[in-house]
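A.B. asks: Build the full structure now, drawing on both the sequences and the hints.
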Amino acid sequence: MSLKSNLHNLKERYKGKKMAPAFNAIHTFLYAPNETTHSGSHVRVVDDLKRTMNTVIMALVPVLLFGIFNAGYQHYAAVDAANGIIRQASIFGNFLTWENFIMGAWTVLPLVIVSYAVGLAVEFLFAVIKGHEVEEGYLVTGMLVPLIVPIDTPLWMLAVAVVFGVVIGKEVFGGTGMNILNPALTIRAFLFFAYPTWMSGDKVWVHQAVDLAGGPDAISGETVLGYLAQGKGAEMSYSISDMFFGFIPGSVGETSTILILLGGLFLIFSKIASWRIMVSAVAGALVMGLIFNGVVDAGWITETSKFYGLMSFAFWQHLIVGGLAFGIVYMATDPVTGAQTNRGKWFYGFFIGFISVLIRVFNPAYPEGVFLAILLMNVFAPTIDHYVIRGNIKRRMKRAKNATILPKDSEGKTQELKAETV
Amino acid sequence: MALLSKKDTSLILDPLADNNPITIQVLGICSALAITAELKASIVMAVSVMFVLGMGNVVISLMRNIIPSKIRIIVQLVVVAALVIMVDQVLKAFAYELSKTLSVFVGLIITNCIIMGRFEAFALANGPWRSFLDGIGNAAGYGLILVVIGFFRELLGSGTLLGFKVLGDPIEKTGLYSIGYENNGFMLLSPMALIVVGLIIWVQRSRNKALIEEN
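Quick mapping for you: the protein sequence lines, in order, are chains V and L.
Just remember that my numbering sits 17 ahead of the position in the first sequence, which is counted from 1.
Just remember that my numbering sits 4 ahead of the position in the second sequence, which is counted from 1.
A portion of the hints provided could be inaccurate.
Said to hold, decoys possible - Pairs of lysine-lysine, BS3-like flavour, derived with a Cα cap of 25 Å:
| id | chain 1 | residue 1 | chain 2 | residue 2 |
| --- | --- | --- | --- | --- |
| 1 | L | Lys169 | L | Lys104 |
| 2 | V | Lys35 | L | Lys213 |
| 3 | V | Lys32 | V | Lys67 |
| 4 | L | Lys213 | V | Lys147 |
| 5 | V | Lys147 | V | Lys28 |
| 6 | V | Lys147 | V | Lys32 |
| 7 | L | Lys213 | V | Lys34 |
| 8 | V | Lys147 | V | Lys34 |
| 9 | V | Lys288 | V | Lys67 |
To be verified - Beta-carbon label-pair distances, calculated as ranges:
| id | chain 1 | residue 1 | chain 2 | residue 2 | range |
| --- | --- | --- | --- | --- | --- |
| 10 | L | Ala86 | V | Ala134 | 54 to 62 Å |
| 11 | L | Leu112 | V | Pro399 | 29 to 37 Å |
| 12 | L | Ser107 | V | Arg68 | 49 to 57 Å |
| 13 | L | Ala214 | V | Phe46 | 35 to 43 Å |
| 14 | V | Ile74 | L | Ser14 | 54 to 62 Å |
Since the hints were derived computationally from the structure, they do not count as laboratory data.
No experiment lies behind these values; they were computed from the predicted model shown.
The beta-carbon is built from N, C-alpha and C at its ideal position, and this holds for glycine as well.
C.D. replies: Encoded structure:
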């Protein structure tokens with residue numbers, strides 16, 4: 018007997034028991050359920066929630082692998098920099114090395130494991146208490162969370178944040194598909210407000226920088242945005258291609274714009290994520306960037322201003338640094354928390370890009386605003402949809418009112434009715 | 005004759021749980037979010053509101069037959085304002101630091117919906133003794149929630165209770181801090197107070213099924 022039929026048999030045996038939801042979760046995770054419908058006609062498709070989630074995870078795997086290598090690379094690059102050696106990133110020379118991989122895996126995989134273990138434990142707990150089936154909603158969240166936190170986030174903090182995010186961000190609203198806020202970003206926001214010292218500064222982006230701080234071997238790695246926010250853009254040694262390929266410090270998975278771009282294309286072609294949101298969010302970011310560049314060009318802001326560094330940053334470069342690309346591709350396109358109507362998606366996406374760059378420039382404490390912008394627009398998404406639908410109803414009512422309905426020809430009445438409808 | 009009849013007892017005990025002003029009637033949320041970052045401030049606020057609401061209910065109850073109903077709100081405001089100024093002056097005289105922490109929120113007791121609510125709903129229709137009990141009961145229910153929120157916010161946000169470092173010293177890394185624990189800064193922000201109130205309501209409603217509304 019195969020594992021599949023064994024699981025089907027076990028499912029029958031546990032039916033109605035308290036632990037059934039937890040057991041069924043494992044079953045549905047591995048196989049398509051064997052239930053058949055009994056009434057009506059149904060179309061059977063396999064692109065269920067599980068497959069949707071798995072597709073997103075597939076799009077995230079390259080980013081995760083890059084993040085592992087980059088974690089190691091940034092650590093050794095910072096050690097070199099502390100010794101006065103300037104590293105030039107080269108993919109096969111000093112990036113894809115075993116040394117980087119081992120160092121990266123040793124620091125990134127615990128984040129992944131804690132995220133999944135704690136998050137799924139909370140999901141199972143709620144499923145058993147409330148007696149419903151476990152939904153696959155956490156599969157993507159659990160992968161996103163380790164990718165959007167700094168490398169050295171203490172594991173217990175991550176665990177606390179995951180519990181908070183899953184319970185307050187999702188379960189209180191009724192579980193997967195009912196949440197207003199993106200759970201992964203709720204977790205990120207909780208970490209940011211609860212433990213700001215671990216989420217910003219020039220020490221948290223490189224492995225061991227916090228431990229070594231103040232000692233003779235102190236290392237540091239400021240993000241590109243961090244340099245600009247402090248007006249030290251000239252000291253930065255990262256080239257445009259470094260930023261695009263991702264050889265820069267930052268949260269684990271956010272640095273490599275090219276892999277995120279490929280992941281985004283994959284999601285668009287597999288029709289999982291909305292291209293409207295991605296395109297409009299990019300447009301929004303570019304518009305805001307152009308406005309700031311225009312302000313600088315017009316001379317309204319001088320070099321003495323503390324906003325000069327970020328405002329004078331070329332508008333299109335905003336897209337390849339920080340978490341903007343990652344947020345647009347993997348977070349803004351969340352089908353649950355985003356706008357549902359096609360026209361609404363344009364507005365929703367545009368404001369995400371627009372507000373991200375706005376917060377990024379003006380936030381004095383932390384030069385990044387993607388997660389705040391997406392959370393804000395998550396809250397406004399239902400409002401946007403409401404007005405889009407209202408507008409649609411209005412337009413169609415108008416059309417219905419103005420339409421000429423020709424009655425059937427009958428004796429002598431045609432002329433009369435035609436005159437009425439005009 | 006017992007000091008408190010059964011009905012009188014329920015006047016005091018009901019607002020503590022099943023008819024709590026904050027968690028059931030959802031009144032007085034504003035101050036519950038604003039001043040609960042420290043336990044001490046919560047306790048002082050609770051005592052102040054208890055004084056104002058207890059005394060105010062008695063005064064309004066005594067005057068209930070001579071207040072013209074058209075101007076009753078203004079009369080109520082005058083009574084609350086007089087009592088609040090007394091509280092404010094006492095705090096400034098004997099606990100200046102604390103009155104600075106509470107700042108404008110002592111004055112804003114006037115706008116606390118619980119107070120006007122009890123005047124309108126109870127004191128205008130009942131005798132002074134029962135009004136006094138009702139005032140004390142509601143203020144106690146309000147204070148209880150304030151103290152619970154203040155307890156968790158101060159403990160988790162600052163690692164202290166009433167100013168004592170119960171979890172160790174965060175700078176010298178003693179106690180819990182020696183193993184890597186850190187204070188949760190989010191707890192000190194008002195949004196987290198709202199979430200704590202929400203959690204209390206959640207726990208209370210899931211324990212008492214009678215409170216769950218049909219929808």
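A.B. asks: Taking the hints in turn, state whether each one holds.
C.D. replies: Hints versus structure:
1. Lys169(L) x Lys104(L): holds (22 Å)
2. Lys35(V) x Lys213(L): Distance of about 21 Å is within 25 Å: holds.
3. Lys32(V) x Lys67(V): holds (22 Å)
4. Lys213(L) x Lys147(V): Judged against 25 Å, a Cα distance of about 15 Å means the pair holds.
5. Lys147(V) x Lys28(V): holds (18 Å)
6. Lys147(V) x Lys32(V): holds (15 Å)
7. Lys213(L) x Lys34(V): Status holds; Cα separation ~23 Å.
8. Lys147(V) x Lys34(V): With a Cα-Cα distance of about 13 Å, the restraint between Lys147(V) and Lys34(V) holds, given a limit of 25 Å.
9. Lys288(V) x Lys67(V): holds (15 Å)
10. Ala86(L) x Ala134(V): 54 to 62 Å: holds (59 Å)
11. Leu112(L) x Pro399(V): 29 to 37 Å: For Leu112(L) and Pro399(V) the Cβ distance comes to about 33 Å; the hint holds.
12. Ser107(L) x Arg68(V): 49 to 57 Å: Holds, at about 56 Å.
13. Ala214(L) x Phe46(V): 35 to 43 Å: holds (39 Å)
14. Ile74(V) x Ser14(L): 54 to 62 Å: Holds: the Cβ-Cβ distance is about 57 Å, inside 54 to 62 Å.
Violated hints for the displayed structure: none, as all numbered hints are satisfied.
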